[in-house]
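Peer 1: Work the whole structure out from these sequences, hints included.
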Amino acid sequence: MKATKRLRIDCVFFTPNDSGAFLTALGLTKRRYPFLLFGYCLKTDHFHLLLQAGFGAEHQPQSAIADRGAHVALP
1 MKATKRLRID
11 CVFFTPNDSG
21 AFLTALGLTK
31 RRYPFLLFGY
41 CLKTDHFHLL
51 LQAGFGAEHQ
61 PQSAIADRGA
71 HVALP
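Be aware that the sequence shown starts at 1, since it is given in my numbering, and climbs by one per residue.
Hints are computed from structural coordinates only; laboratory data are not their basis. In this text, a Cβ means the ideal position worked out from N, Cα and C, and glycines have one as well. A couple of the hints might just be wrong.
Computed beta-carbon distance windows for the label pairs [to be verified]:
#: 1; residue 1: 14; residue 2: 49; range: 25 to 35 Å
#: 2; residue 1: 52; residue 2: 22; range: 12 to 22 Å
#: 3; residue 1: 15; residue 2: 54; range: 32 to 42 Å
#: 4; residue 1: 34; residue 2: 10; range: 30 to 40 Å
#: 5; residue 1: 50; residue 2: 21; range: 32 to 42 Å
#: 6; residue 1: 22; residue 2: 53; range: 15 to 25 Å
#: 7; residue 1: 18; residue 2: 51; range: 28 to 38 Å
#: 8; residue 1: 51; residue 2: 20; range: 12 to 22 Å
#: 9; residue 1: 21; residue 2: 51; range: 28 to 38 Å
#: 10; residue 1: 54; residue 2: 10; range: 28 to 38 Å
#: 11; residue 1: 54; residue 2: 14; range: 26 to 36 Å
#: 12; residue 1: 12; residue 2: 33; range: 19 to 29 Å
#: 13; residue 1: 54; residue 2: 17; range: 16 to 26 Å
Straight line, CA to CA, 20 Å or less: simulated DMTMM-like cross-link-like pairs of lysine to aspartate or glutamate [claimed, not checked]:
#: 14; residue 1: 30; residue 2: 18
#: 15; residue 1: 43; residue 2: 10
#: 16; residue 1: 43; residue 2: 18
Peer 2: Take a look at the structure:
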């Protein structure tokens, strides 16, 4: 069995604007594909999302992701 090589990525977020753009894209994705977002962590070379998928819009908390900035309203 052949081992999978990991692609080396030194940075995902180069500037604060990059992380802001990521959060904006995450907000847009959340509107299109509903999920509960409990938290996130952005590192320079990767990110973590704590979420639960499979919920309809009627089960979403108000403003789970702020449209701009790094604020999350937890349910």
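Peer 1: Starting from the range 32 to 42 Å, see whether the pair residue 50 and residue 21 falls in it by beta-carbon distance.
Peer 2: Since residue 50 and residue 21 have Cβ atoms about 21 Å apart, the given range 32 to 42 Å is violated.
Peer 1: Next pair to validate is residue 43 with residue 18; report whether the Cα-Cα distance is within 20 Å.
Peer 2: 11 Å, holds
Peer 1: How does the Cβ-Cβ distance of residue 22 and residue 53 compare with 15 to 25 Å: does it lie in that range?
Peer 2: For residue 22 and residue 53 the Cβ distance comes to about 19 Å; the hint holds.
Peer 1: Would you check the hint for residue 30 and residue 18, treating anything up to 20 Å between C-alpha atoms as holding?
Peer 2: 18 Å, holds
Peer 1: Do the beta carbons of residue 54 and residue 14 sit within 26 to 36 Å of each other?
Peer 2: 33 Å, holds
Peer 1: Confirm or reject the claim that residue 34 and residue 10 have a C-beta distance inside 30 to 40 Å.
Peer 2: 33 Å, holds
Peer 1: Taking the beta carbons of residue 18 and residue 51, is their distance inside 28 to 38 Å?
Peer 2: 21 Å, violated
Peer 1: Could one say that the CB atoms of residue 51 and residue 20 fall in the range 12 to 22 Å?
Peer 2: Roughly 19 Å apart at Cβ, these two residues keep to the hinted range, so it holds.
Peer 1: For the range 16 to 26 Å, tell me whether the beta carbons of residue 54 and residue 17 fit it or not.
Peer 2: 32 Å, violated
Peer 1: Has the hinted range 28 to 38 Å been met by the Cβ atoms of residue 54 and residue 10?
Peer 2: 34 Å, holds
Peer 1: Against the range 19 to 29 Å, how does the distance between the Cβ atoms of residue 12 and residue 33 compare: consistent or not?
Peer 2: 21 Å, holds
Peer 1: That 12 to 22 Å hint for residue 52 and residue 22 (C-beta), does it hold up?
Peer 2: Once the Cβ atoms are compared, 20 Å apart, the range 12 to 22 Å for residue 22 and residue 52 holds.
Against the hints set out earlier in the document, violations occur for numbers 1, 5, 7, 9 and 13.
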